[in-house]
Amino acid sequence: EQEADHPRIEGFDSFKDSLDELDLSKVFEMTGITREELKDASELLLETENAVFLFGMGLTQHPWGSRNVAALWNLALQTQAQLFPLGLENNLRGVFEIEQNYSDKGLNFNQIFQAASSGELKALYLAGPAPNLKKANLEFLVIQDSFVNENFELADAVLPASTFAETEGTFINGEGRLQKFNKVIDPLGEAKPDWWIITQLARRMGNKGFYFKNPSEITKEMIKIVPSFSNISYTDLEKGQKIFTQEETRKERSFIPLKYSDSHHKKSKKYPFLMFLDYSLDYYRSLSLSQESRGLKAIRDSRWIKISPEDAEKLNLKEGENIAVESSSGKFKGFVKIVKSLPQGILGASFLLSEDSDFSVSGLIPSVFQESHSLGMLPVKIKREK
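Okay, so the sequence shown: first residue is 1315 according to the numbering used here, each after it adds one.
Hint data in this document are derived by calculation from the structure and do not stem from the laboratory. We put the beta carbon where it would ideally sit given N, CA and C, even for glycine. Careful: at least some of the hints might be erroneous.
[Unchecked claim] Here are the simulated PhoX-like pairs of lysine-lysine, each with C-alpha atoms no more than 20 Å apart in a straight line: (1) Lys1620 x Lys1556; (2) Lys1583 x Lys1506; (3) Lys1647 x Lys1700; (4) Lys1340 x Lys1647.
[Stated by the list, open to error] Label-pair ranges, simulated between beta-carbon atoms: (5) Glu1324 x Phe1454: 27 to 33 Å; (6) Phe1423 x Lys1534: 42 to 48 Å; (7) Asn1415 x Ala1441: 16 to 22 Å; (8) Ser1356 x Phe1590: 21 to 27 Å.
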């Protein structure tokens, strides 16, 4: 029905043909939605003039994450909707803007820490949160951070960095808006802003082009050399005006044919539940906020194992009861947290990047998915603990 509305968008025929392989009866069975609910959702989208799809890491950090995005892209083309990807932290958009123009295509995040564990990587310079490095085989480790963590014990050099409240600079939010922020207090102790530490190191190593006096000079240089910043005026930025990065305009758009495969993870008699893992948001740099803040500690706990009321009743589990969850890769001990929004058969848990996997729910993730930074659903079973 949409074919006549998209004469200029390529690939529609291939996309339409790929839908022939879709077995809707299986979709309804796996998702729990009905045919009527799917029809209502379709009609709502087609009737909406200005639709926006917001999606986060929960959609993408899966073994099939690229397929999720492709499906959403096709839906956006059909409904003329806008797509807004969201990250775990502020300024992730800023990282992407720089990376797509100046990345040297070296090792990615996971490859760096794999190389650190194998001994292939000899020296590592860390700025910000990182996985626990107790199993790393490094000759020299530098840590640049604002808060002490377990990795500090392994460091050969520590560079104390100031927090966002102790410096000035800019963030780019999810909608591409460049925002300037000012420091509230001076850095405490020996802490210095990240930009100052990096420029000082670069200068002492003999590199040119790092003679900046303040963050505004760095921002002005980025405006000159980063294509998406070409329309930005630093004067307007200082005045607090709304300034957006230059969006990349592409006339050519194309539908993506869908590919189908069985789920990477399935329930079985041995593992009757699927557990959804995600990253905890309760941290700033390497500081675990849920451990330091009484308020967060009261409402969230990294050892919670979330379960639906129906499953808790079937297993006669009570709120706060000790249980263990096992996968094919490991075992995790935690506490029952009954959550009404969880579907039956699904468990939930979250973890911090810096946690020791031997004592974290991340230890349930198979190594093949740890290497790709994928999460997804893990087949698990529940055991009572004394």
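Going down the list of hints, with the structure as the test:
1. A distance of roughly 41 Å separates the Cα atoms of Lys1620 and Lys1556; the hinted pair therefore is violated under the 20 Å criterion.
2. For a cut-off of 20 Å, the pair hint linking Lys1583 to Lys1506 is broken: about 55 Å separates their Cα positions.
3. Using a Cα cut-off of 20 Å, the hinted pair Lys1647 and Lys1700 holds, with the two alpha carbons roughly 11 Å apart.
4. At roughly 34 Å between alpha-carbon atoms, Lys1340 and Lys1647 are farther apart than 20 Å, so this suggested pair is violated.
5. Distance hint check for Glu1324 and Phe1454: the Cβ-Cβ separation is about 51 Å, which falls outside the suggested range of 27 to 33 Å.
6. Between Phe1423 and Lys1534 the beta carbon distance is about 29 Å. The supplied range of 42 to 48 Å is therefore violated.
7. Against the hinted window of 16 to 22 Å, the Cβ-Cβ separation of Asn1415 and Ala1441 comes to about 20 Å, which satisfies the hint.
8. Ser1356 and Phe1590 have their C-beta atoms about 26 Å apart, which keeps the hinted 21 to 27 Å range intact.
Checked against the numbered hints above, the structure violates hints 1, 2, 4, 5 and 6; every other hint is satisfied.
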